[in-house]
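Colleague: Spelled out, the chains give:
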Amino acid sequence: MESVIRAVDDDFLALPRLALADAALSAARAAGAEYADLRVHAITTQLLHLRDGELETSVLDRQIGLAVRVIVGGTWGFASHAGLTPDVAADTARHAVGVAVTLSALNSEHIELADEPVHLDATWVSDYRIDPFSIPAADKVGVLEDYSGRLLASDGVDHVTATVHTVKEQTFYADTFGSSITQQRVRTQPVLEAVAVDADAGRFESMRTLAPPTARGWEAVVGDEVWDWTSELAEIPDLLAEKTKAPSVVAGPTDLVIDPTNLWLTIHESIGHATEYDRAIGYEAAYAGTSFATPDKLNIMRYGSPIMNVTADRTVDYGLATIGYDDDGVAAQSWDLVRDGIFVGYQLDRVFAKRLGKDRSNGCSYADSPHHVPIQRMANVSLQPGADGLSTADLISRVQNGIYVVGDKSWSIDMQRYNFQFTGQRFFRIRNGRLDGQLRDVAYQATTTDFWSSMEAVGGPSTWRLGGAFNCGKAQPGQVAAVSHGCPSALFRGVNVLNTRNEAGR
Amino acid sequence: MSIVPAQEVVDLALQIAATSGRCDETIVIVTDCADASLRWAGNSMTTNGVATSRTTAVISIVRQGDQIARVGVQSSSVVDPAALADLVAASEYAAHTAPEAGDSAPLLTGSGEPADWGDPIPDTGAAVFAELARELSVGFGRSDRLYGFAHHVVETTFLGTSTGIRRRFTQPTGSVEINAKRGGASAWAGVSTPWFAEVPVPVMLSELSMRLGWAKRTVELPAGRYETLMPPSTVADMMIYLGWSMEGRGAQEGRTALSAPGGGTRVGERLSELPLTLYSDPSARGLECAPFVHAASSSERASVFDNGMGIDRVDWIRDGTVNSLVYSRAAAAEFGTTAAVPADNLLMTGGSAGLADMVARTERGLLLTTLWYIRTVDPTTLLLTGLTRDGVYLIEDGQVTAAVNNFRFNESPLDLLRRATEAGVAEQTLPREWGDWATRAVMPTLRIPDFHMSSVSQAQ
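Top to bottom, those sequences are chains A and B.
Using my numbering, you'd call the opening residue of the first sequence number 815 and step up by one each time.
Using my numbering, you'd call the opening residue of the second sequence number 137 and step up by one each time.
FYI, nobody ran anything at the bench for these hints, they're computed from the structure.
Be careful, since some hints might not be right.
[Said to hold, decoys possible] Chain B side only, calculated, beta carbon under 7 Å to chain A, not exhaustive:
(1) N184
(2) G238
(3) S591
Predicted model only: the values in this text are computed from it and were never measured.
Glycine is no exception: its CB is placed at the ideal position from the N, C-alpha and C atoms.
Could you put the whole structure together from the sequences, leaning on the hints where they help?
Modeller: This is the structure we're talking about:
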């Protein structure tokens, strides 16, 4: 595929960025701030949703505003506004100082930022081929009608939903250290789901496409260049028909080969969130939760088996958390979280890097809106493939009786990231090292370190895929972030499998 | 907000659309939002902020005869009035290029501005936290570690249509949550407080202290089925999920837990012999919310064609029997039923006992505090999984005697209603899991004889 060097859109560059920065930062300093940053943040989103081939939801939204963050006497203050004039920027800066002063009595921790080189007049644009917002909505709906029609044409498919969510995010950041950074990125999430209804029995079964959300443009949806839509749409009706007739799973400890299309979410919940430093020190204790991976366990605790190597990065190609610079003005990096099964790293912003005694932040600051304060958010957290080049079939061949788990569906994990439960899209029975039809009503449940310690083998680079989510939630007021997770297929021994009909008492 | 008033934006956008004449009908929804937040952890403030924002949505409709309509929706937070013409034009273009809308219906008509149309728009800011901050700082000086969040959002929505409708509503939404930790024990208290008047922080702190005291004795219990008292916050989280799963279309089409075996829906099915009534009502005292539809986009729960339609009380479950499902006017016409639109609150009634009485009448059982990370496991039964959080207590011989480890549960809200043996008095509560979206709830405590704790969670 041809790579395109892109520029930030003209309408964003036409905003009076430097005048806004001058107004906000000088007003903040004049009002007593020892530090200030300005973020002009534009988020354009389009949601298209078709039900049974008919357009049900079509919305295009553009959010834009400016945010000023200050430190006054070691206390944070934050204010934002929808207006984009220098006067508004200066007022908002004074407002932020006022917030810090008003609430300073509640603060007992002196805020300090880790050092970062100054990035003057920097620009970064993500790598995508077709700007999704350059395609008329009617053309996009046409693609979804075509895809829906292919599924609906099959016997046994009673209903189809098709959804595409596209986002363009643009930011201008400037701080009192002297950095000024302009960035633009896009992301795209296409989802089709087919439903088969057995009205007499009062049951139904669904199957969703496995195409991941990605930091690519419309090329991820139209044609087979990024994702093989032709093959997947052709195979879903048969897979769904097979699933409706599949036997219900027998609960109990089971060997699992987990496909990257499912394992990415387990990584997200049980490693990604658990290695967030703000959670580990209690910042999210009342909401998203804390973590069992507390700072006293750094470089000591065994997270999983010795073949477990997990990295964090904000640099992987087409990663949803990939960026040039974070919302603290820190350049994107990549680092280790788990090495040879040992817990060795955290995700940090500039405040937490300082608190942990690090020289530099690893660049995980992000705010999802001009009206939200930046917080430490997840980098792309990925399980590394094995060096011996095993295929998924090789992993399956090692299993006598087990299940090959494909595609994510439901997820839930406790507030210290111990106990989790996941379902999936497709569960194939493994017998004597080979796939033998599907099973239904499957969920797997485990405790994080038990699960990762039961990982006996990881697939090679050929099995590695990037999955991810648009909707990772954290913080109060709630913020959402998009993040990717790469992983190979992997083999786990003796994971507790539930039968969800039995769980419901049926 | 020192910008063009929202009311003027509604009129201006409608005028631009009328002048252009490119579409047959136009709906404009402008929402002004003021937001103040305060967050703390380990007895110190962590983040805070105030935000001022506006969303302007322009919905354009092109008609071809009575049956066919095409819709375009564009929304924006840009406040510069010079950008309005582009927003309207983009909405009109989107309508002209859209396929036919499946939910087409005639727009409702109105007779212009209500008396309060031009009234000032209420605001909020960090000042609402002044009293709270004073009382919290007392707690910060004590030995228990406090974590939590206070949030105040004041949203004023203006709806105008080219068919003469003008409606406005101010929605205040406020909440305070405090999580207290002592050693390995954790407790939670939360209140919904629309205008931040009289937040009972001292009462919350003493309640938390009492609960942390209950954890002086701890008992490890295995997974299993336990008689369980679900207090109002936990019932709210399960019933809100049920409320979100009550779309009529999905049930009619056989693809939700509200579909009946053999076809049709579960409306008319008796779930409980208890007189449980689950309803939404925009005029419910203390839980007031918008009494009219203001939908910027269509979905299975709402239609842009219904904008301005009055929202009344709807009993989704009445006296233990499934009574109603969600239908727009178009969906109601398609399925031969009446439109039913949920207000932005949820209430359930059906009992009179206080929690203390219910505890006193429990020989051995569990008392929960809140639920967390609730997700669908099996949509056919609406089986949900989740965790208990910040306090599971053991009741023995009518008294709380210890704190118990947390559990992962697998339960369906429909099955909980089917199995509940007692409902307590309905009280205003703050849902923990869904509090980001739903703070307006009145719920009873439910006694479940066999609540399914699927496994133990080590989390504290």
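Colleague: Check each numbered hint against the structure and report the violated ones by number, ascending.
Modeller: none
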